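**Student:** Please work from the sequences and hints to get the whole structure.
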Amino acid sequence: MTIDLKTVKHISKLSRISIEEEKAKKLSDDLNSIFEFIEKLNELDTNKTEPLTSIAETTLKLRKDKIESKNIREDILKNSPDKNKDFFVVPKVVE
Amino acid sequence: MSEITNFKLCDLVDKVKKKELSSKEITEAFINRSKKSTKLNSYISDNFDDAINRAKEFDSKPNLNKKIPGIPMAVKDLFCTKNLRTTAGSKILENFIPTYESTVTQNILEHGGIIIGKLNCDEFAMGSSNETSYYGNVQNPISENLVPGGSSGGSSSALAAKLTPATIGTDTGGSIRQPASFTGTVGLKPTYGSCSRYGIVAFASSLDQAGPMTHDVKDCALLLEVMSSYDVKDSTSVDFVRGNYLNDLSDNIKGKKIGIPKEYRVDGMPKEIEKLWENGIKIIKDNGGDVIDISLPNTNYALPAYYIVAPAEASSNLARYDGVKYGFRSKGENLIDMYEKTRSEGFGDEVKRRIMIGTYVLSSGYYDAYYLKAQKVRRLIKNDFDEAYKKVDAILTPSTPSSAFKIGEKLNDPVSMYLNDIFTVPINLAGLPAISLPAGHDKNGFPLGLQVIGKAFDEQTILNIAYSIEKNIGYKNNINDWWIK
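Residue numbers (my numbering), protein chains in the order written: chain X, 4 to 98; chain L, 254 to 738.
Simulated from the structure, these hints should not be mistaken for laboratory data.
Only a predicted model underlies this, so the values are computations on that prediction, with no experimental measurement involved.
Take these hints with a grain of salt, some might be off.
Stated by the list, open to error - Which residues of chain X face chain L? A partial, calculated answer using Cβ under 7 Å:
1. I14
2. I20
3. I41
4. L44
5. E53
6. S57
7. T62
8. L63
9. S83
To be verified - Here are a few chain L residues that sit away from chain X, every Cβ distance over 12 Å (derived from the structure):
10. E278
11. V494
12. I608
Ideal placement from N, C-alpha and C gives every residue a C-beta, glycine not left out.
**Tutor:** Next up, the structure:
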């Protein structure tokens, strides 16, 4: 299968990464060489194999639903590129 | 006092405990050498002034019962350090100052360590040569314009150049073992679940593990003890009894069964690496180990499976970098435009490439063909190891298919760059522990490493085997300080 320019633009939209026109061609070439390499997996018959989703195949431990962190509002806002009082500021979303 | 930097971690601990050296003397020695070594570009940020104050504080009331009392250490810039900039090698985190400490660095601090700086790495740990870092290439102290490996390239460079007595890295597909192999140092990737991932900038969560990078196996055992702990803040942290790795370190490997997987004899492997491997096999036999031929039949499928699983997890983990709550933000006409420009300008090419691979393999209509397929192959690879471990206690392979290459040599060919990790990636997919130790040189005098792979949670056995090989080889790095004027 080949990843053409149209597909590259579609993936770019899904990943929320804008790609300049001149870079899209190079990216499409790179992705094709990587996927050519990945296609090797099709040699394997895995119809009867269960997927391995995690190495630690145990059920997650439960803990008490208890608040551990207190007064971290300032910590949370500290690295924000744009804030106003206790809020993160983003470009206008609702008209 | 420049000779202080020649001491290894265990020697320094010993000298502090015997009061032959103060924390301040040691800390200043490594800082001074680091200041003279800017040409290597091993550091992204330094913490020198704060570190010297902490050393003085330690000396004023030294607690000598700590495992690494007053010992300075620079760490990979993928570990969040409270109030100390953490970039993950990316522009998008250029101004990020964590308000909390990662569990692994917290363990280092609690055992008496002092953090002197943050070391360069490939952007978000995605790379095998440290060339994807936004903060520039790192030099391998072995020779000018040679890559130090990656992604923990700043760590391997700083360690080999003796800018830090030991360091820590992270390993998702080989990022501790490959740079250790390229710089003639020791690097260990612990069993998945040994070291907490809390506070480590996430790449591929089902594969990421932190581990020690040191001058020798003894230091490695000590630093693993310091780093490894059960942590409720990481839901995949495993609650098992950690060993006394240093105390129990032994070069007695009599009767240990060591497997040699035939699939690791890849086409085009340099003669010198084959010789290195043969030499390792001979040493194990001489030391009373039992060498057994084994098969890991799905080895060739590990790398393609990895290049689905790792980017898929990365694309999901890196979705958080949207320019809203922290990190770099670009101006946009509206919210979506702001996201797209922020991520386009904030991420480098390799990171974008992997996010896009990951997004594609997880996208509607392709999930079964790629992601699910890769997870099934991952099961086959783990089964291979499970089968092998019915017959052997550990496995011996080369660490990498080549020695370190020149800066720029593989930059334009992603697949050839990925092939660097052919011997290390299967171990991450199976969640096993593995150690790389220096075992010889190639014709240019560049270091080559051997890898010992263990059973899950059996770090002690691979440390012991590595210790036994190390004693026989007596490897020494030949470094002439070319970067210091």
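**Student:** Which numbered conditions among the earlier hints are violated in the structure presented, ordered from lowest to highest?
**Tutor:** Failing hints, ascending: 7 and 12.
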